[in-house]
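Participant: Here's the letter readout for the chains.
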Amino acid sequence: MDKHKEVMMGECSFPSPFLESLEYTPPARGMWNIVHIGMLIPESHQVFICAGGCLRGVVLTAAEMGAEDRFSTVSVEEPETIDGSIEENLVNGVIDVVDRLPKKPKALLIYSSCIHEFLNVDLDRCYTLLRKKYPVVAFTDCYMTPIMRKSGITPDEKMRMQLYSLVEKGEKDDGVTFLGDVLPLSRTCGIVREVAKSGRTYREIPLTKNWDEYQELGRSSVFLYANPAARKGAEELAKRIGGNLLYLPYSFDPATIRENGRKLSTLLSVKEEDEREWEAKIADASHLAKGFSVAIDYTATARPLSLARLLLSHGFALKRIYLDAFGGEEKEDYEWLKEHGKGIEVIKASNPSLPFDRSREEQENVLAIGQKCAYYEHTSHFVNLIADSGHWGFEALDNLAAEIVSAVREKKDTESIVSVKGWGCKV
Amino acid sequence: MRKAKRIISTYAADTSGAVSALYELGGLSVIHDASGCGSTYTTHDEPRWYDMPSMVAITALTEIDAVMGNDRKIVGDILSAMELHRPRFVSITSTPVPYIMGTDLDAVAKEVERQSGVPSWYCPSNGMHPYTETVSSGLISYLSRFVPKRKRNPRFSVNLVGVTPLDFISQKRVDAIVAYLEDSGIPVCSVLAMGCGIEGVARSSEASLDLVVSSSGLPVARFMEAEYGIPWIVGLPYGKRASEILGTALKTGMPVPVVPASGKKTIAVIGEGVQNSSILSNCPDFAHLSITPVGKVAEGDIEMEGEEEIASCLKEVDYVIADPLYRPIVPETARFIPFPHFAFSGRLAKDDGVEPVGEGLDHILEEIK
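Protein sequences appear in the order of chains A and B. Residue numbers are given in the working numbering: position 371 of the first sequence equals residue 371, and the series is strictly consecutive. Residue numbers are given in the working numbering: position 361 of the second sequence equals residue 1361, and the series is strictly consecutive.
Be careful, since some hints might not be right.
[To be verified] Quick list of in silico lysine to aspartate or glutamate cross-link-like pairs, EDC-like style, CA-CA up to 20 angstroms:
hint : chain 1 : residue 1 : chain 2 : residue 2
1    : A       : K412      : B       : D1051
2    : A       : K3        : B       : E1083
3    : A       : K3        : A       : E345
4    : B       : K1003     : A       : E78
5    : B       : K1003     : A       : D96
6    : A       : K319      : A       : E11
7    : B       : K1003     : A       : E77
8    : B       : K1265     : B       : E1316
[Said to hold, decoys possible] Partial list, computed: chain A residues near chain B (C-beta under 7 angstroms):
hint : residue
9    : H4
10   : S21
11   : L22
12   : Y24
13   : R29
14   : R56
15   : V59
16   : L60
17   : A63
18   : T73
19   : V74
20   : E77
21   : G93
22   : R100
23   : M148
24   : S151
No lab work stands behind these hints, which were simulated from the structure alone. Note that the Cβ used here is the ideal one computed from N, Cα and C, for glycine as well.
Produce the complete structure using the sequences and hints provided.
Facilitator: Next comes the structure, spelled out in structure tokens:
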């Protein structure tokens, strides 16, 4: 096997199973990008400052979601890169945009880019000037700096941090704020039900409709998060405005889910929820999926190896896992799969040869969990799970079982679904 | 300030132009970029993914490699990728950080060619110029390496030069142009470069005449004139009147004449220059305003991209034909007629069943006629 492209589970290494190579991005676009995430701050306006080639993707992200009126750009061109005017380009460009907006936004998200990092732009000076010019607008620094993705905090982690950077310390109550995810948690998942049982107010950013509700996020005394990419932002917020912080990771492992439940019920001082009938539902789904080979990819969940372990241990014919690297928290599941799933093919999701490996004909007996593998495997039997899609705990297992049953029984229009950028993102 | 856009979109950049132009020709297109340009291309600049795979990749540049100049890794990664699918050529485009770091991608291309024996080139680019520039340079690089001068075919035929989805949205529209010309007794030799395959492009040096159908095609036609001795004219059969004028020009080999325009009302078109000229040729009873944000073609074209500048030009006009994403800056006093341009609005640009070829444009213009 070519280690630029694929490796057997029994032979791969942790956390980087592949050799470096050129990379490819398939037209499966359900994952949210930094534009979608920033749109979660109500009554905010975004300004991206970068070269036209970089602007193109983000401009059309906003246009496709009908949010052009919350989005502006300032282009960086060659003269600014050599004549020392790049800071003026940023400051004057933002001023030009703000002065032409029909109404001043509550918040401005300013996205600088790789070129500002490499030209050592004094962003502090830029923000000082802008805050002085518009004292009633809250500014936050955001970043479109993909070149820094292996230089410490990733752009995705940074964006999830800046999402809460404008939340001010308010008068505290006993509420609970769930942090770091973009889709609202399912109303039937353990976190939401336990908080309701405790009589506390439940808050999360996808539910906020205006600036005041956004600020209410800071009133809570308990902060929860489940996505590892939200860790830095959650820690920063809890430290800045005060509150108990608890990490309840997404997982498909029943033991971890039980442990999460115990931690949560202890913190909220409520009786632990009864375990759901998930096992029978997963078993039914597995029985129904006999005859289907299964593929999953890393865009479906923060814990793809945990998902793989659940599937393999419940009789699914798991053949392929698409990802680029293993997450740091997945070591235990990796070790288990290395022993029990030696024959699973681990495919580099960004390998440029994948479009050619994709069958021209639609595959009838492949079940895909995740958009990228649905595209690569060319199947209409797929579970449209994106970054856990707001499903947590045993409810996530219930949901998975139901979605698998649905995907086996009914085909989806894969092309039209995976083409949509930022699935579920609404203005 | 010219560089700030409050609400309108931006055009596809030079990072995508060459990739689009060479998509169907069996090569490996590499964008020297960290991330983003690859997904922008596959998502917004390329509608052919589901029908036809192509080798398009980014180098996944990191901060440390950009700073330390690890150019050997680019060469090595390209050579590894070539082993998998044996491309006919390698074409490289670049992005802002390699530009400011002064990465010598011309040398990288030469090294790839030296080690692999596969024709390789760099199309100068940095993500700060429009797609049109590398559509041209990509096609010229390809022609210069793969299409030798051939004896002119005694049977009259034309090439369509400068054809990509960025300007023509779909193969259906290109097919409509080809069908219209052939139905009018004008055989099409080759389409550079959509829908006619490697063999079709190889025949292009046999043609009698190049028909330049986009501003990207102009430098290519000049190259073909110098290398193959093929004369060229500019035009598109959009609308009945423009089609008639073009038909005469093709049969005589004379340039498409400028249609005299005068009238109390003004019609403005914002878009690609050849399409603008062709559309306006159908409107002789109006004063004309042709705004070309990505490359001037005709004498009277106004080359501007700034949102405020364009909005200012539109203040007094009566009709505006442009991509729907221009609508927010069109004054309410003007009637807006949408004419989608893929290079501006990407996947939002739909054919909508309205085909501008031949009399099709007349249906679009019906309300102002």
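Participant: Each hint: holds or not?
Facilitator: Checked hints:
1. K412(A) to D1051(B): Measuring from Cα to Cα gives roughly 19 angstroms; hence the hint holds.
2. K3(A) to E1083(B): Distance of about 13 angstroms is within 20 angstroms: holds.
3. K3(A) to E345(A): At roughly 11 angstroms apart (the allowed maximum being 20 angstroms), E345(A) and K3(A) satisfy the hint.
4. K1003(B) to E78(A): Status holds; Cα separation ~12 angstroms.
5. K1003(B) to D96(A): 9 angstroms, holds
6. K319(A) to E11(A): Within the cut-off at roughly 15 angstroms; holds.
7. K1003(B) to E77(A): The hint holds at about 9 angstroms.
8. K1265(B) to E1316(B): Status holds; Cα separation ~9 angstroms.
9. H4: 6 angstroms, holds
10. S21: S21(A) check passes; min Cβ-Cβ to chain B is 6 angstroms, inside 7 angstroms.
11. L22: 4 angstroms, holds
12. Y24: Nearest chain B Cβ about 5 angstroms off; hint holds.
13. R29: 6 angstroms, holds
14. R56: Status holds, d = 5 angstroms.
15. V59: 5 angstroms, holds
16. L60: Nearest chain B Cβ about 5 angstroms off; hint holds.
17. A63: Holds - the Cβ of A63(A) comes within 7 angstroms of chain B, reaching about 6 angstroms at its closest.
18. T73: Where the cut-off is 7 angstroms and the nearest Cβ of chain B is about 5 angstroms from T73(A), the hint holds.
19. V74: 5 angstroms, holds
20. E77: 5 angstroms, holds
21. G93: 4 angstroms, holds
22. R100: Hint on R100(A): holds, closest Cβ of chain B at ~5 angstroms, below 7 angstroms.
23. M148: 6 angstroms, holds
24. S151: 5 angstroms, holds
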